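Generate the whole structure from the sequences, applying the supplied hints.
Sequence lines, in order, name chains A, B and C.
Going by this note's numbering, 142 is the number at position 142 of the first sequence; the sequence numbering is gapless.
Going by this note's numbering, 269 is the number at position 49 of the second sequence; the sequence numbering is gapless.
Going by this note's numbering, 513 is the number at position 84 of the third sequence; the sequence numbering is gapless.
Quick caveat, the hints were computed from the structure, so don't treat them as lab data.
It should be emphasised that the depicted structure is a prediction, and the values quoted were computed from it without experimental measurement.
Keep in mind that a hint or two might mislead.
Unchecked claim - Distance ranges between label pairs, derived from CB positions:
1. L341(B) to V750(C): 37 to 43 Å
2. R388(B) to L100(A): 46 to 52 Å
3. L233(B) to S166(A): 55 to 61 Å
4. V754(C) to N189(A): 56 to 62 Å
Where is the CB? At the ideal position from N, CA and C, for every residue including glycine.
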Amino acid sequence: MSDQLPPDPRLEQAGASDESLLAVHEKALGKKPEDGAHYRLLPLMLLFVFSGLIFYAGTYLNHFSGHYSAAIFNENAHPAKAGAVAKVDPLVLGKKNYDLVCTTCHQATGMGVPGVYPPLGGSEWVNGSDERLIRIVLYGLKGPIKVKGADFGAAAMPVFGQVAGSGYNWSDEKIAAVLTYVRQSFGNNSPAITAEHVSAIRAKEGDRKEWSQEELLKIP
Amino acid sequence: MKNGLTFFLGLFLALALAFTGIVLGSHAQLGNLAPYYDENEGKAFPERMPGIAARGQLVYQDLGCAACHTQQVRRPDFGSDKARGWGDRQSVARDYVSQAAVQLGDNRVGPDLATFGSRPLAVDADRLAKYLYEGHGGMPGYPFLFADRKIVGERAANALNVPAKPGREIVPTPRAVALVAYLQSLNNAYEYPEARPVEPEAEKKEGGK
Amino acid sequence: MTTASTAAPTAEVTEIDATARCPLLLLLGFALLWLLVSGALALVNLVQLTTPTFAAACPVMTYGRAQAMQESAFIYGWAANAGLAVTLWILGRLSGAPLRSLNWTTAGAVFWNLALLLGLVGIATGDATVHGWIQLPRYVLPLLLVAYGAMAVPGVLAWTGRRQDTTFASQWYGVAALFLFPWLFSIAQMMLVFFPTRGVLQPLIAGWFVQGAWTLWLAPLMLAAAYYLLPKISGKAIRHYEFAALSFWTLLFVGAWTGGRHFVGGPIPAWVATVAGVSCALLLFHYIVVALNLGGAFRPAGSTVLWFVGAGLGAYLLGGVLDAVTSIRGVAMITQFTHFSTAQTQLAVSGAFSLTLFGAIYFLVPRLTGRAWPSLSLIRGHFFAALLGTAALVLALAVAGLIQGREQNNATVEFSAIAVHVKPWLLVATAGQAVLLIGNLLLAVHLLRAVCPFRQAATAPATFRQPPTMEASVS
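Here it is as structure tokens:
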């Protein structure tokens with residue numbers, strides 16, 4: 001635009017008054033698109049761009065939303081399905097707890113101490129009836145017991161299950177894991193014990209005192 | 221936009237929507253996040269910070285350590301945090317539930333510190349204190365965390381093994397001791413269920429380890 | 430085709446400017462003071478990056494504390510004061526009446542800046558809180574909130590009491606900034622400082638606050654100035670103005686959702702970062718319309734003010750694109766936790782915001798004082814120093830960040846080697862910051878000369894010509 005005054009760059013002159021600025025732009029808001037391809041194309045193009053952005057946004061959101069879960073930190077992950085919680089290897093869990101507690105008496109070798117603590121490796125109690133084995137760990141055992149031909153005069157297996165008088169309150173899963181570990185270590189090779197089986201026995205027996213050898217032998 | 225009320229309502233709505241979506245939404249998800257109780261360990265994770273470490277966190281905060289150090293490990297296939305030995309698994313929200321002031325940090329001028337307590341450097345408190353005094357790698361020393369004092373009787377047990385003027389010793393102030401304890405306490409090795417890595421292409425995860 | 434206002438053409442400078450003179454000059458004075466303080470601290474920070482031992486033995490100048498101080502001085506000192514001064518003035522002008530209750534602004538400004546000074550001393554002595562852009566100690570935060578409310582009073586009155594029923598884009602952006610910041614700020618204070626939320630909610634809310642303070646406060650302040658200055662100086666209506674409202678609401682409604690863009694791969698649920706990235710992409714629509722509207726600023730045609738506005742606008746648009754690109758996960762993996770993020774912040778606040786506001790200051794001050802700027806070469810010097818300094822700072826930090834990010838993700842590169850590899854670029858950034866600081870010093874000196882009563886003889890009284898009436902036709 002042409003300047004009437006000698007331009008002084010140190011002083012920025014206004015090109016329009018505030019009133020006219022407001023008025024012109026207010027008018028522009030209401031105006032219909034002018035004739036001429038340029039102006040009719042632009043809204044269409046903007047609409048196109050906007051739709052494109054929304055499409056991209058929707059796709060991205062769909063792929064990487066992590067199902068809006070509070071527990072998903074990796075956008076590629078799928079939410080854990082109910083019940084499909086990643087299981088811990090029972091042998092690992094069993095060994096951890098065996099090393100923590102059982103080794104005190106049965107030793108790291110699983111062979112116990114002759115005359116005092118019965119062995120687990122090759123034991124007919126461990127590899128035999130799982131009904132009996134689970135009951136021993138759940139409720140404990142008191143009194144004399146014969147293992148691998150040797151007599152143990154005063155065995156005192158503590159109560160491990162979640163039952164009255166228990167000092168450990170181990171969950172059924174943990175007991176199953178430890179028993180599975182014991183049945184598959186120290187040279188043993190017997191089938192695993194499931195947590196469901198432990199739960200079933202615990203439900204059947206309710207609260208009771210420690211077993212004795214005679215009581216156990218009546219159980220198949 | 222002639223109507224002032226509509227305009228104001230629009231402004232209000234703009235902020236209120238985002239506030240609801242991001243702040244309240246995540247608050248509803250994470251506001252009650254509790255430590256994870258592990259039956260097999262018989263403990264809840266993350267474990268509470270010892271009191272002295274909590275005080276050390278305040279020192280960490282007031283010196284502005286977070287300007288150069290992050291405390292968030294990225295998952296192994298995202299960047300090379302694992303390969304650098306900064307942590308085997310990704311940090312998750314639960315790692316931070318017991319911290320008073322969470323300082324994730326946003327620039328790695330120095331290494332990530334989320335699992336610093338489990339690194340060889342952190343094992344020896346005296347050596348760590350010495351690094352804080354003298355500086356280490358690109359990190360400057362912070363001598364004002366230490367006192368230069370006259371030896372009275374025996375040399376103090378925690379005096380630094382650094383050159384000092386004859387008859388004098390450099391000992392950590394309580395702030396330095398707290399900061400060292402805090403750094404040693406930084407460890408989030410526990411594997412929360414939500415922190416387990418995701419197997420690529422479909423879920424074929426079994427066995428955990 | 431002229432508009433109706435031909436009946437009573439008003440002079441360019443009226444009592445609107447005269448009454449606002451002292452409070453607004455006070456705000457600008459504070460603003461420039463803090464800008465220099467922040468620039469000097471930023472320089473210390475950058476020197477510390479290449480020479481870690483620099484000032485390290487001094488407890489008030491650890492890297493972290495200097496960083497917190499320079500950031501606070503910049504945002505709450507320079508940006509808040511300057512942004513308010515310019516926006517209040519624009520709102521007053523467009524309302525067609527002198528600003529009312531300016532004493533509130535004066536009183537608010539005094540308390541705001543005293544609180545800020547106290548806050549910086551607090552940070553230096555170890556009272557900083559931990560979250561970005563809200564690192565000031567807890568005891569000054571409520572005072573800042575109250576002072577901001579007081580300072581904004583005349584702006585609100587100018588909006589509610591405007592003469593015309595019509596409104597203009599500058600008014601939307603200005604009023605939005607005035608209203609939204611106190612809400613954001615009080616939410617952040619409550620949920621981060623006084624009743625802190627649990628765990629990672631803290632960084633999450635802090636990130637939301639920082640992005641909100643940019644998209645709902647500083648960016649609108651800057652756009653308010655740009656939307657006013659361009660048509661005002663060029664005398665031509667804004668092109669495609671009919672889309673401006675859509676762009677405005679896009680910024681407000683979508684911008685507030687971009688808060689989680691820094692948390693890609695972090696300990697915050699994945700959806701937060703995804704939603705933020707998507708919002709950054711949607712926000713591109715806003716940037717496209719702003720580019721269409723204000724593209725004229727890239728052809729300044731001899732107007733020094735529009736040089737600044739054009740440069741600021743360029744930085745704003747580039748920043749928008751970079752935000753969208755770096756919120757994509759594959760890119761974020763490289764750029765996050767590096768100097769690249771710092772470069773982006775600097776591009777926004779030192780580039781887009783500051784450059785535009787400099788332009789506004791050059792336009793505004795002669796109208797407040799009634800005198801022309803004393804020296805053209807100082808203005809030009811400032812422009813080139815600011816442009817060159819900002820460009821060098823941002824580019825060098827960006828390159829350093831890319832190197833840093835790539836090498837961090839390559840575990841075969843020793844961690845300590847990364848610092849060596851980025852050092853040359855950090856030196857360039859340091860030089861850029863120094864040039865920037867010198868440029869800003871020029872502005873401060875110039876302003877001092879312009880308002881100093883003893884130097885009046887040296888400055889020419891401003892003669893403003895009668896502004897022509899704007900043509901309705903767009904070109």
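**Request:** Just pull the numbers of the violated hints for me, sorted ascending.
**Result:** none
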